[in-house]
Amino acid sequence: MSEMDAKTSATQQLEELTDAPPRRRLKLSWSGKLGICVVTLWTVIAFIGPFISPYHEADILDEALFIVPGSGELYPATDFQGPSKVAYLGTDFIGRDTLSRILFGARTTLGISLAATLLAYLVGVTLGIAAAVGGGMLDMGLSRVNDAFLSLPPIMLGLVVIAAIGSTIPILIVLAGLIYAASVFRIARALGQDVMVSDFVEAARVRGEGLWWIITREILPNVAMPLATDFGLRFVWIILFISSLSFLGLGVQPPMSDWGSMVKENLAGLPYGSIAPLVPALAIATLTISINMIVDDVSAHAGGKLAKKMI
Amino acid sequence: MQALLEVDRLKIDARMDNGGLLPIVNGVSFNVQGGEVVALIGESGSGKTTIALSILGYTKPGLEVTGGEVRLDGRDIISMPPEEKQQLRGKRVAYLAQSAAAAFNPALTIGEQVTESVVLHGQMSQDEANQRAESLYRALELPDPERLGRRYPHQVSGGQLQRLMAAMALCGKPDLLILDEPTTALDVTTQIEVLKAFKAVINQEGTAAIYVTHDLSVVAQIADHIVVLYAGDIQEQGTAEQIINRPGQDYTRRLMAAVRPTPEAGQGDEISKKHQRDVPALEVRNITAGYGRQRDGTPSVTVLRDVNVAIERGQTVGVIGESGCGKTTLARVMSGLLPTSKGEVLLDGESLQPDLKNRSRSQLQKVQFVFQMADTALNPRQRIDNIIGRPLEFYFGLKGKEKRKRIGELLDLVELHQDLASRYSEELSGGQKQRVNLARALAASPKVLLCDEIISALDSIVGANVIELLKRLRKQTGVSFVFISHDLSTVASFADEIVVLYAGRVVEQGRTDQVLSPPYHPYTRLLISSVPELRIGWLEDTMKTQEAKAGIDRVVKLTEKGCAFFDRCPLVIEGTCDREIPPIRNLGDGHIIECHRSEEEFAH
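As you go down the protein sequences, you meet chains A and B in turn. In terms of our numbering, the first sequence opens at residue 1 and continues consecutively. In terms of our numbering, the second sequence opens at residue 1 and continues consecutively.
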């Protein structure tokens, strides 16, 4: 050992300047932190909403509650009321409490959209990576079927399917999931192909690694960041898709509340200065913008390199 | 007399996350006179590019000039308003970046891009600019100057593109030209031609130039004045003659030591004499391989033809040739990444399946591939200990404590600090990444290590250290190496045997001392004469030789018949070389030359 050491020191070792970048840790900006707070808040509400809400989502508030003492008005209007002690965020077009419906709706909206997005990702990423890794005929077949799927407008496809087999929550989830899986497939395939030709994948192949290792250890970690960025966007699209279906009366069925249908059903209140359509719109906006703020932070940490390729 | 450019106590700092300042350049001062070529030389991280960019009034994001001035004709550039800086760039100071391929827009013609800046700045009309460009093409000895402007960047070779960059920079008749490592990425033969053209055009135009590089032997050919930088400080400055012949500082001498020595016989290591000729560790026999769809057993593009190479145990075989000669393809065939169309690969005398899917795990373990670019060969999402640990787990089933211990040993072996194990590859420097890349291959305890241009992307000092490491590993582990490089002197200092590839054929093969001493194959001779020497005036001397006139700066072409080298060969026999496949001449003791000329004729 000592002989070897002597030999090493005898051969002149020249000092190298380190030009290595410093270690990088995930540092969230204030907007990312705010985003996490808002998303956490809505998630908590989705779980406990029904237990803390003042009324049930389907309750039409009694006229008696709105009687102003001493006014003599025995049958006051209950629809599109402004915020008061009776209904903190006012009432909707048939006199239901907006706050309660928001609290109940959080569960429906988040639940359906999340389930649908997860399904879209499960299907889209699995097939996309399979196409990227398998190549050849498999890639060709999957990609053409996918193109056909993408060429159909989502809303029309949704209408046809629901008209044929009816609208229940599981059907909505599967429908939205499959429709959006097509665009996830495209992104996953493109990202997968990019990583597939990189030297480290070749190094793994030359080592004799199986397909499962290559996919789970070499490819997926490298496409996770851009896919996470896309996840936020896709989630938002699915919320809007479910809302559109609800507006047409084919989505979440009344009296269940969901934020999307709340916006649409209360649109008539806008001319009267009602905040009923604004509150659910605000809920959707805060949730989706917060998700995007988190995603921005995370992808900035990832160097934005792969995220750029995605665009 | 006032100097054209005065860099006066320039200080540039990097702003760190915590608000502190990290000095990058510490008060550097030097002058450039009109018409003079000044070289900034130093390894990566020495601040040479930062200084060069500051002369354009530009600093990279995160850097700021915290002191000193850069004066062009007495006017400070740093404090100029942005509009004036814009006028200055391109008009008075021009910048020539390292990678020409990245600097050209593939969708526009060459002429449009060369003349764009001067027309935009309103210095010339389009017609005048076109004429000016044409005269520059002539000065840079580019082929077909009248019509070159109408071609697209992909239609010319890499060396020509590099010269076109110079035309682009010089089109506006700048007072000062900044060249940032313009020949680093080129083959030695191309480098000569580009250097010569740069030198000629700088003389003709009378432009002053700043030449940024890490390669002293290149500088010796072109610079009047040399500034040696280390970690943001000037170590030494003086005339080229003074620095090259009488270096005053230790650091300069170390840089010179890292310069590739002239390849000559007898540099191979002692081991070569000791080995016994038994079954080679790895052998390829009559290999034909290529890319594209196979038809009747031949791929649509055949890269390698009838290649025979045997790697004895504990030996190092160097594979050399210019880009496009099939060096990497040969390594890929050996590793099984590219299945052969004809011929076989033998490991310890046993025939291997052509496709790696059909090879056994222990066969895979014995042959390891070290990729050229450590940047892309390491998974950015895996920690270093996972990268090195995986082969241990995969081939030997090591787990937990044992695995950690072995990872520690491997890091020691490649001279990396244990702390790096928990990092990701992007947190390492280029040299460190290349060591991790090596450690991963060594983790498999291979019999044969295929090293594909592993030091080409590193600068000279880091590269020299990696070579030292390889030499030590060879002694310690007894691994056979296949060392692929376009740099003959590196190969010569390390290999026991050399295989010279040209256009997918072995043109010469033998022990290092046989290949590097006459008789040479004309192509070997060309390669040897193209390695720059650390000597002023070497470029001019070399350009006078027969080889240089005939063969430099041509693209390697794959041919179906005859000798692929015939259009570059100074000894070409018309009517024979271009038609018939040259015979293999066995000069004894394993030394083989493939040529129509006889041994006696090579001497010329």
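Be aware that a few hints might be false.
Footprint (simulated), chain B over chain A, 3 or more residues, beta carbon under 8 Å [what the hints assert, rightly or not]: (1) 202 to 208; (2) 218 to 227.
What follows is a set of in silico ranges between Cβ atoms, one per label pair, in the way DEER data are often shown [to be verified]: (3) SER151/A to GLN123/B: 21 to 31 Å; (4) PRO81/B to PHE47/A: 52 to 62 Å; (5) MET137/A to ASP144/B: 54 to 64 Å; (6) LEU108/B to TRP30/A: 51 to 61 Å.
Non-contacting residues of chain A with respect to chain B, defined by C-beta distances greater than 12 Å in every case (computed) [said to hold, decoys possible]: (7) PRO83; (8) ASP199; (9) PRO271.
These are calculated hints, taken from the structure and not from any lab test. Cβ atoms here follow ideal geometry from the backbone N, Cα and C, with glycine treated the same way.
Tested hints:
1. Look at the segment 202 to 208 of chain A against chain B: 6 of its residues bring a Cβ nearer than 8 Å to a Cβ of that chain, three or more, so the hint holds.
2. By the rule of at least three residues with a Cβ nearer than 8 Å to a Cβ of chain B, the coverage given for the segment 218 to 227 of chain A holds, with 4 such residues.
3. Taking the beta carbon of each, SER151/A and GLN123/B are about 52 Å apart, not inside 21 to 31 Å as hinted.
4. Take PRO81/B and PHE47/A: their Cβ atoms lie about 59 Å apart, and the range 52 to 62 Å holds.
5. Checked against the hint of 54 to 64 Å, the C-beta distance between MET137/A and ASP144/B comes to roughly 46 Å, which is inconsistent with it.
6. A C-beta distance of roughly 43 Å is found between LEU108/B and TRP30/A, which places it outside the suggested range of 51 to 61 Å.
7. Every CB of chain B lies more than 12 Å from the CB of PRO83/A, the least distance being 45 Å, so the non-interface label holds.
8. Annotated as non-interface, ASP199/A brings its C-beta within 12 Å of a C-beta of chain B; the closest such distance is 4 Å.
9. Every Cβ of chain B is farther than 12 Å from the Cβ of PRO271/A; the closest lies at roughly 51 Å, confirming the non-interface assignment.
The structure fails to meet hints 3, 5, 6, 8 from the earlier list, while all remaining hints are met.
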